[in-house]
Structure formats: C-alpha cells, structure tokens
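Asks: Read off the chains here:
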Amino acid sequence: MGFSSLEFWALLPLWTVVVGALALLFLEVSLKEEGRRAAPVLTGTFLIASLASTFHLLSARGMPGPLFHGTVVVDLFSLTMEGICLLSALLTCVFSSWYLKQEKAVTGEYYALLLLAVAGMFTLVLAAEFLTFFVGLELMSLAGYVLAGYFRVKERSTEAALKYFMLGVFASAFLLYGIAVLYGVSGTTHFPDLRHFLEKENTSSVFVEMGVALLLVGLGFKVALVPFHGWAPDVYDGAAAPVSAFLSTGVKAAAFGAFARLFAEAFGLPGTWSGAFAVLAVLTMTLGNLGALVQTNVKRLLAYSSVAHAGYLMVGLAAASSAPADEVERAVAFYLLAYTLVTAGAFGWVAWAAGKGELKTQVEDYRGLGLRQPWMGLMMAVFMFSLAGMTPTAGFFGKYYLFKLAVDHGLVGLAIIAVLNSFVSAYYYLRVVVFLFMKPAEEARPTPLQSTWPMGLTFFLCALGALAAGFLKFPF
Amino acid sequence: MILSILIGLPIVGAVLVGFFPQEKVTKTLSLLVSLTVFIFSLTLYSGFDLSDAGFQFKEQMDLVSRFGIHYSVGIDGISLWLVLLTTFMTPLVVLGSFGAIVENTRGFYASVLLMEASIIGTLVSTDLFLFYLFWELMLIPAFFLIGVWGGPNRAKATVKFVLFTMLGSLLMLVALLYVTHEVKSFDYVKILEHFFPEDVQFWCFLAFSLAFLIKVPLFPFHGWLPDAYTEAPASGTVLLSAVLVKLGAYGLLRFCIPLFPNASKDFAPWIMVLAVAGVVHGALMASIQTDFKRLAAYSSLSHMGLIVLGIFTFSLTGLQGGVLQMIGHGVYMAGLFLLIGMLYERRQSHEMEAFGGIAKLVPALSAAFLWMIVAAAGLPGFAGFPGEILILTSSYKSAPVLALLAISGFVLSAWYLFNFYGKVFLGPIKKKENQKLADLSLRECLTLLPLAVAVLWIGLNPNFFLRPMEKSLQLNVIEKLKPPPVMTDFAAQQRRIQEAVEQEKRGR
Numbered sequence: 000m001g002f003s004s005l006e007f008w009a010l011l012p013l014w015t016v017v018v019g020a021l022a023l024l025f026l027e028v029s030l031k032e033e034g035r036r037a038a039p040v041l042t043g044t045f046l047i048a049s050l051a052s053t054f055h056l057l058s059a060r061g062m063p064g065p066l067f068h069g070t071v072v073v074d075l076f077s078l079t080m081e082g083i084c085l086l087s088a089l090l091t092c093v094f095s096s097w098y099l100k101q102e103k104a105v106t107g108e109y110y111a112l113l114l115l116a117v118a119g120m121f122t123l124v125l126a127a128e129f130l131t132f133f134v135g136l137e138l139m140s141l142a143g144y145v146l147a148g149y150f151r152v153k154e155r156s157t158e159a160a161l162k163y164f165m166l167g168v169f170a171s172a173f174l175l176y177g178i179a180v181l182y183g184v185s186g187t188t189h190f191p192d193l194r195h196f197l198e199k200e201n202t203s204s205v206f207v208e209m210g211v212a213l214l215l216v217g218l219g220f221k222v223a224l225v226p227f228h229g230w231a232p233d234v235y236d237g238a239a240a241p242v243s244a245f246l247s248t249g250v251k252a253a254a255f256g257a258f259a260r261l262f263a264e265a266f267g268l269p270g271t272w273s274g275a276f277a278v279l280a281v282l283t284m285t286l287g288n289l290g291a292l293v294q295t296n297v298k299r300l301l302a303y304s305s306v307a308h309a310g311y312l313m314v315g316l317a318a319a320s321s322a323p324a325d326e327v328e329r330a331v332a333f334y335l336l337a338y339t340l341v342t343a344g345a346f347g348w349v350a351w352a353a354g355k356g357e358l359k360t361q362v363e364d365y366r367g368l369g370l371r372q373p374w375m376g377l378m379m380a381v382f383m384f385s386l387a388g389m390t391p392t393a394g395f396f397g398k399y400y401l402f403k404l405a406v407d408h409g410l411v412g413l414a415i416i417a418v419l420n421s422f423v424s425a426y427y428y429l430r431v432v433v434f435l436f437m438k439p440a441e442e443a444r445p446t447p448l449q450s451t452w453p454m455g456l457t458f459f460l461c462a463l464g465a466l467a468a469g470f471l472k473f474p475f
Numbered sequence: 000m001i002l003s004i005l006i007g008l009p010i011v012g013a014v015l016v017g018f019f020p021q022e023k024v025t026k027t028l029s030l031l032v033s034l035t036v037f038i039f040s041l042t043l044y045s046g047f048d049l050s051d052a053g054f055q056f057k058e059q060m061d062l063v064s065r066f067g068i069h070y071s072v073g074i075d076g077i078s079l080w081l082v083l084l085t086t087f088m089t090p091l092v093v094l095g096s097f098g099a100i101v102e103n104t105r106g107f108y109a110s111v112l113l114m115e116a117s118i119i120g121t122l123v124s125t126d127l128f129l130f131y132l133f134w135e136l137m138l139i140p141a142f143f144l145i146g147v148w149g150g151p152n153r154a155k156a157t158v159k160f161v162l163f164t165m166l167g168s169l170l171m172l173v174a175l176l177y178v179t180h181e182v183k184s185f186d187y188v189k190i191l192e193h194f195f196p197e198d199v200q201f202w203c204f205l206a207f208s209l210a211f212l213i214k215v216p217l218f219p220f221h222g223w224l225p226d227a228y229t230e231a232p233a234s235g236t237v238l239l240s241a242v243l244v245k246l247g248a249y250g251l252l253r254f255c256i257p258l259f260p261n262a263s264k265d266f267a268p269w270i271m272v273l274a275v276a277g278v279v280h281g282a283l284m285a286s287i288q289t290d291f292k293r294l295a296a297y298s299s300l301s302h303m304g305l306i307v308l309g310i311f312t313f314s315l316t317g318l319q320g321g322v323l324q325m326i327g328h329g330v331y332m333a334g335l336f337l338l339i340g341m342l343y344e345r346r347q348s349h350e351m352e353a354f355g356g357i358a359k360l361v362p363a364l365s366a367a368f369l370w371m372i373v374a375a376a377g378l379p380g381f382a383g384f385p386g387e388i389l390i391l392t393s394s395y396k397s398a399p400v401l402a403l404l405a406i407s408g409f410v411l412s413a414w415y416l417f418n419f420y421g422k423v424f425l426g427p428i429k430k431k432e433n434q435k436l437a438d439l440s441l442r443e444c445l446t447l448l449p450l451a452v453a454v455l456w457i458g459l460n461p462n463f464f465l466r467p468m469e470k471s472l473q474l475n476v477i478e479k480l481k482p483p484p485v486m487t488d489f490a491a492q493q494r495r496i497q498e499a500v501e502q503e504k505r506g507r
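Chains as they are written, first to last, in numbering that gives the first Met the number 0: chain L, 0 to 475; chain G, 0 to 507.
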C-alpha cells in the first residue's frame with residue numbers, strides 16, 4: 000500500500016514533527032550532554048519547519064481534501080488548527096527551554112514528548128474517520144499525561160499526572176463506547192458516510208442518540224466542559240507552568256477543533272443537540288467564571304478561566320444547528336487562536352514571575368511588580384485584557400464572532416448570558432492587573448526578576464499578536 | 000486624512016513616550032504631540048461647511064472585510080465641538096500634571112494620549128463596530144489613570160468604574176449585534192435609514208441607553224462617579240468630567256434617539272424625571288460635603304443631569320442647549336478640577352477645614368477659583384449660562400414642574416459653590432501651615448488662561464458655537480422623531496386595501 004506524492008506533501012507538517020521526535024530521542028541516547036543542550040533549538044527548528052510547510056499548504060490554491068482513502072482530510076480548517084497547535088507548541092518550547100534550565104531538569108525526552116503530542120494533535124484534527132480520530136487523541140493524551148507528571152520529584156506534579164491520567168482514560172472509554180455504538184448502528188467509521196447515513200435514516204434511533212451522547216461526554220472531559228471539568232484546576236495547577244500552557248492551549252485547541260468538526264460536519268447537529276449544547280455552554284461559562292472569581296492562585300485562576308473559555312466556544316457550537324459549518328469553524332478557529340496566544344503567554348508569564356521552584360503563584364506575590372518591571376507587567380496586562388475580551392485585543396474579536404453567530408441564528412438569550420459572563424470574568428482578570436500596577440510592594444526593595452531576551456521577545460510577540468490579530472487578514 | 004491624523008498621532012505619541020524613561024523627554028514629547036493634535040484639529044473648524052448637515056471630512060477603508068467592518072470616520076455639527084473640546088483639553092491636562100505626577104511618568108502620559116485617541120475615535124466613528132472598538136478602548140487608559148496615579152482607595156474606585164461601564168457596554172454589544180444583523184451593515188448612515196419594529200426598538204433602546212446613561216452618569220446609575228472622581232489624580236478627573244462623560248450624552252444623541260425614535264419618545268418622560276432627580280440629588284449631596292473634590296464631583300453629576308434633560312425635550316433649543324452645556328460644563332469643570340488639583344499639590348488635602356482665608360495669601364489662585372465658580376454657578380456672561388437658559392426654557396415648555404425642580408437644583412448649586420469659596424478663601428487665616436502657600440506659577444497660569452478665556456467666550460458669544468450644530472441636530476435628531484408621513488391620498492389607500500383583500504382570496 001504505497002501513497003501518492005500528493006499524500007506525502009499534504010501531510011508534510013506531520014512527517015516533520017514525527018521525524019523530529021524520533022531524532023530527539025536518538026540524540027538523547029547517543030549524544031547525552033550535547034544532545035540535551037541542543038534539544039530546545041532542534042525542537043524549535045522542527046516546529047518552525049512544520050509551521051512553514053503548514054503555511055505553504057494554506058497559501059496554496061485549492062485544498063487537497065480527503066486523503067488516504069478518506070481517513071484524513073486536509074482542508075482549511077484542519078490546516079488552521081495545525082497552525083494553532085504549532086503556535087502553542089512553539090511557545091511551550093521557548094518557555095520550557097528556560098524553565099527546565101532553571102529547575103535543572105534538562106532532558107531530551109521532554110522535547111520528544113512535546114513533538115509526539117503535536118503529532119497526535121495533527122492526527123486528531125486531520126481525522127475524518129473514527130479510528131484515526133481515536134489514535135490521534137490517544138497519542139496526544141498519552142504524551143500529555145507524561146508531560147503533566149514530568150517533575151516526578153514534586154508531589155503535586157505527580158498528583159496532577161495521576162488525576163489527568165485516570166480521568167483521561169475514563170473519557171477515552173466513553174469515547175470508544177460511543178464510537179462502537181455508532182459503528183454498530185451505521186456500519187461505518189467514516190464521517191461523511193456517517194452523515195450520509197444519518198440524513199438518509201432521518202429518524203434518529205435511540206442508539207444514535209446514545210452514541211452521540213457518549214461521544215459528547217468523552218469529548219466534554221477532554222476539553223473540560225462543566226460538569227466534566229473537575230480535573231482541570233488541579234492538573235493545570237500541579238503541572239509545571241510551561242506544561243500547563245501546553246495542556247490548556249494546544250491540547251485543548253486540538254480536542255476542540257476535532258469536537259467542532261465532528262459535531263458540525265459528521266453529525267450535522269440536529270436541533271435537539273443545539274439545546275444540550277446551549278445548556279452545557281451556560282453551565283461551563285457560569286461555573287468556570289464563578290470558580291475563577293474566588294481564586295487567589297494565578298495558575299488556578301487561569302485554569303478556571305480556561306474552563307470558562309470552553310463555555311464561550313460552546314456558544315458558537317450551539318449556533319451550529321442553523322449556521323453553515325464553515326462559518327462556525329472559522330469563528331471557533333479564530334477564537335482558539337486568540338485564546339492560545341494569550342493563555343500560553345499568561346502561563347509562560349507565571350512561569351517567569353513565580354521564580355525558582357514555582358513558589359510565587361499567588362496573586363498577592365505580584366504586588367507592584369508591574370511598576371518595577373513595566374514592560375513585563377504590561378505584557379501580562381495585555382494578556383488579561385484579551386482574556387477579558389476588551390477591545391482592541393484578539394480576545395474581543397474572538398468573542399465578537401462567536402456571539403455574533405449566536406445572535407444571527409436566533410440565540411439572543413444565550414448571547415446575553417455570555418456577555419454577562421464576560422462581565423463577571425472582567426473582575427478577576429482586572430484584579431491581576433490591579434495587583435500588578437495598583438498595589439504597592441510589601442518589601443522595600445524586592446529583587447528584580449531576571450529575564451532572558453528570547454523569553455521577553457516571546458511575550459512581546461504574544462502581546463503584539465493579541466493586539467493585532469483582530470485586524471489581520473486570515474485565510475480562514 | 001485629518002481625522003485619522005487626530006486619532007493616529009496620539010497613539011504614535013503614546014507608543015513613543017513609552018520608550019523614553021527620562022521624565023523631561025516624556026513631558027515635552029507628550030505636550031508637543033497634544034499641542035500638534037490641537038493645531039491640526041483647528042482645521043476642522045475652518046474647513047467645516049455650515050450648510051452641510053451630514054458627515055464631513057469622511058474617510059473609509061476596509062477593516063475586517065470578511066464581516067463588512069469598515070474604518071469609516073466623519074464629523075457633523077454634533078461631534079465637531081466635542082472633538083475640539085477633547086483636543087483643546089488634552090494639552091492643558093498634560094501641562095497641568097507636570098507638577099503632580101512624579102512617579103511612572105511615561106505610563107501616565109502614554110495613558111493620557113491613548114485616552115485622547117480613543118475619545119476622538121469614538122466621536123468620529125461612523126461605523127458601529129469601530130465606534131464600539133473605541134468606546135471600549137477608552138476604559139483601558141482610564142483604568143490605569145485612576146488606578147495607578149490616584150488616591151488611597153484608587154484600586155477599588157477604578158475597578159468599580161470599569162465594571163459599571165463594562166456592564167452597560169456589553170449589553171449594548173448584544174443590541175449592536177442584533178441591529179447590525181437586521182440591517183446587514185455596520186454603516187451608521189445605512190442603519191439610520193432603517194426603521195425598526197416597536198419591540199426591537201424597545202429592547203435595543205434599553206440596552207443602548209443603559210450603556211450611555213451609566214457613562215453620563217444619570218441618577219441612579221452614578222455609583223461609580225463619586226469614588227472615581229475623588230480618587231483619580233486631578234488631571235484624570237479633568238479628563239473624566241470634562242470629556243469622557245460627555246460621550247454618554249453624545250451616544251444618546253447619536254445613537255439612541257435617531258435609531259430608536261419611537262422608544263425614545265416612550266422613555267423620554269422617565270428619563271427626564273431621572274435627569275431632574277439627578278440634578279436635585281447631586282446638588283443636595285454636594286451641599287453636605289466637607290471634601291471639596293467630592294463637592295465638585297457631585298456638582299458635576301448635578302449639571303450632567305441638566306444636559307440629559309435638555310436632550311430629552313426633543314426641541315431644537317433643548318438639544319442645542321444640551322450640546323452647548325456639554326462644552327461649557329467641560330470647560331468650567333476642567334478649570335475647577337485643575338484648580339482643586341493645584342490646591343492639593345500645595346497642601347495635600349481636599350478638606351475645606353484645612354484652609355480658610357487663603358485669598359490674602361494666594362490672590363491669583365483664588366481669583367481663578369472665583370472665575371470658574373461664577374461660571375459653574377451659571378452667572379450670565381459665563382460658560383454655564385447660555386446652555387442652562389436654553390435647556391430650562393425648552394423644558395419649561397414641555398414639563399414645567401420638572402423645569403422648576405431643576406431650577407431649584409441650580410439655586411442650591413450657587414449656594415454650595417459660593418459657600419465653599421467663602422469657607423476656603425475668605426475670612427481670617429485659620430491655619431498656620433497655610434502661611435507659606437505659593438501662588439500660581441507661570442506654568443499653572445498658562446494652563447488656566449485658555450480655560451478662563453474659553454469660559455468667557457462661550458458665555459458672551461454662544462451663537463458662535465450654536466450655529467454649526469443647528470443643521471445636524473435638525474436633520475439627525477429632530478427629523479427622525481417626527482411621525483412618518485400620514486397617507487393623505489385616500490383613493491390610493493382604498494386601492495391598496497382592495498388589492499390586499501384580493502391577494503388573500505387568491506391565496507386561499
């Protein structure tokens with residue numbers, strides 16, 4: 000079973016990261032010290048190469064479409080999602096290179112795992128068939144579990160990994176059940192065939208509903224929708240900050256992208272599901288925001304905020320019953336891009352500000368930091384403003400597109416609940432900025448935090464991206 | 000081009016200021032930028048076509064083409080004066096804060112310039128999305144201005160201010176999404192031509208007006224105001240009271256009334272009652288304050304109520320009075336708050352008790368105070384008078400009881416303002432610490448002089464300000480409020496009914 004050159008070129012971003020992961024493992028074994036030192040640079044190179052090939056495919060006219068007998072589909076949406084995953088991985092790579100050095104835990108396999116997770120994400124967002132979908136999801140998740148528990152000497156890190164693993168496996172079981180049931184009813188695992196079957200049957204049997212519900216639960220766990228979100232705060236808090244950046248952006252974005260594609264394209268989302276989505280959206284937004292309101296630990300705050308953001312994304316999906324699929328996917332993709340830029344940036348910033356051993360993650364610890372180190376403070380302020388959805392940041396545009404989708408398709412009530420949630424969220428995001436700029440430091444002369452230029456530049460690019468993204472022209 | 004320069008120059012200035020840690024460079028640069036913007040803005044007046052009621056100096060460019068969002072700007076007679084007020088005020092604010100702001104200066108001046116850009120942007124946007132973009136952008140510099148350089152309770156005050164304003168604007172966002180979805184365009188002029196059904200008007204008016212009334216703020220949405228005004232640094236208070244809150248009234252004039260005329264008419268009595276309640280409430284609260292910055296804050300609140308009262312009379316005199324009062328209020332309030340800031344710089348206090356009889360020690364300062372107080376109290380010949388008279392006469396015609404109540408608010412206003420003046424400046428010198436008070440410096444004189452001249456100019460020559468706005472108010476506000484022409488052609492009406500009946504028959 001050979002494959003054509005088109006199939007080779009269309010999946011070049013995927014081959015690049017797979018080769019990168021293998022090369023890193025090989026170097027780790029054969030070169031030891033030198034290999035370790037070169038690992039971050041090498042990872043970055045592979046990621047950038049992969050990003051370049053993704054851009055090349057995006058800018059090419061006409062999309063390859065379904066490949067490998069319809070198991071994967073390379074189109075605008077999957078390529079965009081690939082780009083977002085790569086962005087998240089790149090940011091994580093920069094933050095980690097510095098963080099691992101500080102914690103004296105430099106190893107090559109960390110980066111190999113990172114690249115493997117990216118390979119899993121690619122497979123997931125490219126999948127047009129359930130088995131490929133599941134393989135991608137598992138590859139991504141397995142690498143994620145290990146990364147979450149990477150600092151195994153730390154108790155909290157181990158706890159985080161265990162929790163993540165247990166609930167992750169649980170969710171996978173749900174997913175598999177759902178896939179099995181749907182296969183049993185329809186006799187196919189291909190998304191287009193499944194859609195065809197569902198449209199032809201027209202009467203939704205109880206098994207179809209059961210299968211879709213099981214899939215919804217499984218994916219709900221993966222993207223941390225309320226009531227399946229219990230693991231998120233502990234995991235994002237316990238894992239090292241750069242890893243949290245990766246888990247809360249790249250992993251979540253890939254899972255959400257697959258989620259959107261599955262429900263907008265494969266199931267065509269009949270009306271009844273729209274109601275369930277709306278309920279999930281309201282629950283997720285509201286409880287996520289209420290949870291974040293009472294947090295004093297910035298990592299936990301960001302974790303709850305990431306739950307709330309999944310809720311906003313669900314608002315867009317709830318509108319999918321009457322909106323065209325590509326419109327929904329566009330809005331979701333833009334939102335994920337904006338969210339990835341600033342959430343990864345914010346976690347990275349915490350990794351910087353928390354100091355050695357991540358001891359300072361309380362919001363109280365950042366009193367007056369913005370006045371002492373204005374540029375770094377300003378970057379975090381931009382991230383917070385964007386998360387709060389204030390103009391002119393990308394966060395505002397993202398919310399705008401999602402809520403517009405809801406209003407355009409008759410869900411005005413849902414949009415009102417969403418903006419009220421956005422209002423509540425402004426309080427806790429602004430509180431971080433208040434501590435940074437408006438509360439005097441307790442010590443007379445705190446030692447300034449060291450920063451390296453690649454890290455500062457990365458924050459700057461994230462903030463600049465967050466300010467400019469709304470005005471740029473995107474292919475999607 | 001000129002409007003883009005007015006928006007772009009302060010933004011560029013703000014970014015540049017951020018790169019210069021030296022205090023002197025920061026100050027000079029921001030003063031230079033704001034003065035240049037003011038000089039550029041003067042060409043708006045000289046090039047303004049009085050006979051054109053529509054938008055002038057128009058510019059249009061794609062912003063987010065996929066959604067049909069444009070960068071489109073223009074000004075008409077309503078926004079002309081507010082833009083000029085903003086560009087006039089910013090250099091004075093910059094100059095006025097040279098002494099008071101000693102820490103983190105570059106952040107301060109960058110915020111002031113960013114604020115100027117976003118206010119001008121809000122005033123000149125003729126695309127609803129762009130308007131919202133600038134409207135919300137304003138919050139960020141204001142948040143920092145109050146929160147970083149303010150008084151002891153600044154953090155609480157600034158969060159309160161931002162959250163109050165955000166609640167209104169987020170609900171407005173939903174209404175805005177709905178409106179633009181109905182019309183399938185973001186273009187203000189196109190939306191203006193669209194007629195919305197009654198229930199849509201009702202809800203959209205509520206959402207839009209909530210955002211604007213919080214900003215004004217109208218009683219009882221004024222919860223943020225006393226704290227924000229008191230805690231903000233003097234220059235921040237000047238920007239808030241002189242310019243920022245005017246945008247609330249501007250929003251009512253520009254969006255609420257023309258887009259939802261029927262709902263406006265339904266709600267007008269309620270809003271007028273609230274406006275007068277605000278006038279009286281503000282005046283009563285002001286007269287019991289011992290902290291004179293708070294006194295000025297409540298007095299500002301009271302006078303803003305009058306502006307809303309004038310706008311909701313829906314008569315040309317009332318509307319003109321409202322806009323004129325916006326300018327007048329902007330100028331004398333800026334003067335008062337700047338002077339209060341100068342006094343604070345000398346004695347670190349806002350309490351009336353801390354002063355007394357200082358007119359002998361600082362004659363120039365007290366004369367300047369008197370000048371602004373006379374204007375605020377609405378004495379003829381000064382900035383407060385013409386606007387007030389126009390508003391009160393027109394509201395007397397439509398709602399005499401409300402007008403009389405509003406007048407009582409004004410009597411009180413004169414009383415508490417002069418009472419404050421007497422306590423602080425007249426009589427024997429009470430405190431020894433005050434012996435060493437310095438009089439106005441040259442820089443402070445330069446800051447106050449333009450305001451003092453403007454106060455007199457508005458008072459003596461109101462027609463100069465009224466003329467450009469007349470046509471735009473007539474076309475954009477009053478015409479929209481007129482009921483749609485009644486069909487007088489009886490035969491045509493008959494024919495139409497006949498046709499409808501036949502069509503229904505055929506349908507069956």
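Hints are computed from structural coordinates only; laboratory data are not their basis.
Be aware that a few hints might be false.
[Claimed, not checked] Result set (EDC-like, lysine to aspartate or glutamate): computed pairs, CA atoms no more than 16 Å apart in a straight line:
#1 G:K431 to G:E501
#2 L:K438 to G:E102
#3 L:K100 to L:E158
#4 G:K435 to G:E344
#5 G:K183 to L:D407
#6 G:K479 to G:E58
#7 L:K355 to L:E102
#8 L:K472 to G:D61
#9 L:K359 to L:E33
Here the structure is a predicted model, which is why all the values come from computation and not from measurement.
Asks: Against each hint, give a clear statement of whether it holds in the structure.
Replies: Status of each hint after checking the structure:
no. : hint             : result
1   : G:K431 to G:E501 : violated (94 Å)
2   : L:K438 to G:E102 : holds (14 Å)
3   : L:K100 to L:E158 : violated (23 Å)
4   : G:K435 to G:E344 : holds (13 Å)
5   : G:K183 to L:D407 : holds (10 Å)
6   : G:K479 to G:E58  : violated (25 Å)
7   : L:K355 to L:E102 : holds (7 Å)
8   : L:K472 to G:D61  : holds (11 Å)
9   : L:K359 to L:E33  : violated (32 Å)
Figure legend: structure checked against the earlier numbered hints; hints not met, in rising order: 1, 3, 6, 9.
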